[in-house]
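Novice: Please arrange chain S on chain H, whose structure you already have, making use of the hints.
Order-wise, the sequence lines are chains H and S. Okay, so the first sequence: first residue is 1 according to the working numbering, each after it adds one. Okay, so the second sequence: first residue is 1 according to the working numbering, each after it adds one.
These are calculated hints, taken from the structure and not from any lab test. In this text the structure is predicted, and so the values were computed from the model without any measurement. Please note that a few of the clues may not be correct.
Stated by the list, open to error - Which residues of chain H face chain S? A few of them, derived with a C-beta cut under 10 angstroms, are:
| # | residue |
| --- | --- |
| 1 | I30 |
| 2 | T31 |
| 3 | D36 |
| 4 | K42 |
Backbone N, C-alpha and C fix where the C-beta goes; we use that ideal spot for every residue, glycine too.
Spelled out, the chains give:
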Amino acid sequence: MSYVIRGGKLETVKPIKNLTEEQKKVLKIITAKQADKIKALKAKLAS
Amino acid sequence: MITPLSSETLSDFFTFFDFTCESDALQAFIGLLRETASHHQNIIHAGYADQTPFGFVSLKITNDVDNIPGLLIEFLYIKPEYRLKTIGDTPRYSFSMLDDIIILAFELQKNVAINHVFLIPVDENKRAMYFEYGFENIPGSGKNPFEDFMVFNLLSDIEV
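For reference, chain H alone in the conformation it holds in the complex (with noise of 0.2 angstroms):
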């Protein structure tokens, strides 16, 4: 279960469910900026 603060409350967040392909498509894609900080964590989690 999620978390957020609404309207000055703590409230939870519903699950999503059946992703649309937009949705899908964003955790497919690895974006440059994740590829780049993956790569640099890994260089430094290997030196």
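Specialist: Just chain S now, kept in the frame of chain H:
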């Protein structure tokens, strides 16, 4: 590095923090996370700077995003005096903590199929910070745009 706290050490750890400057809702959130951590439903990891706690992050495994397993950053807190300050060659304490979380996710990946780190920012300023780090919005995933999930993908060409 971030350090996981056992339920027995939570009370001592939080004596280093004063949340009275934070909103009632944020204080309630932190109280809830402490309670759930004491029941092993999430793990609070401490961030230290020269052995002094500068913040913490609450982590758990989630399937809230279409039953896709991921590491959930429930909440990341940096003491006000450490916010926007640099630490070594890393731009910010928050980014340093996020680096440690991604590294932790790499370790998890060796044993369980975790290919995403998810979070919902506590407010829009924080969303901009996570976006700057590399997280992406999952559009339309929240009750309103301010509550959309964000994701950091750990693998390319993932089948969803």
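Novice: Can you name, in rising order, the numbers of the hints this structure does not satisfy?
Specialist: none
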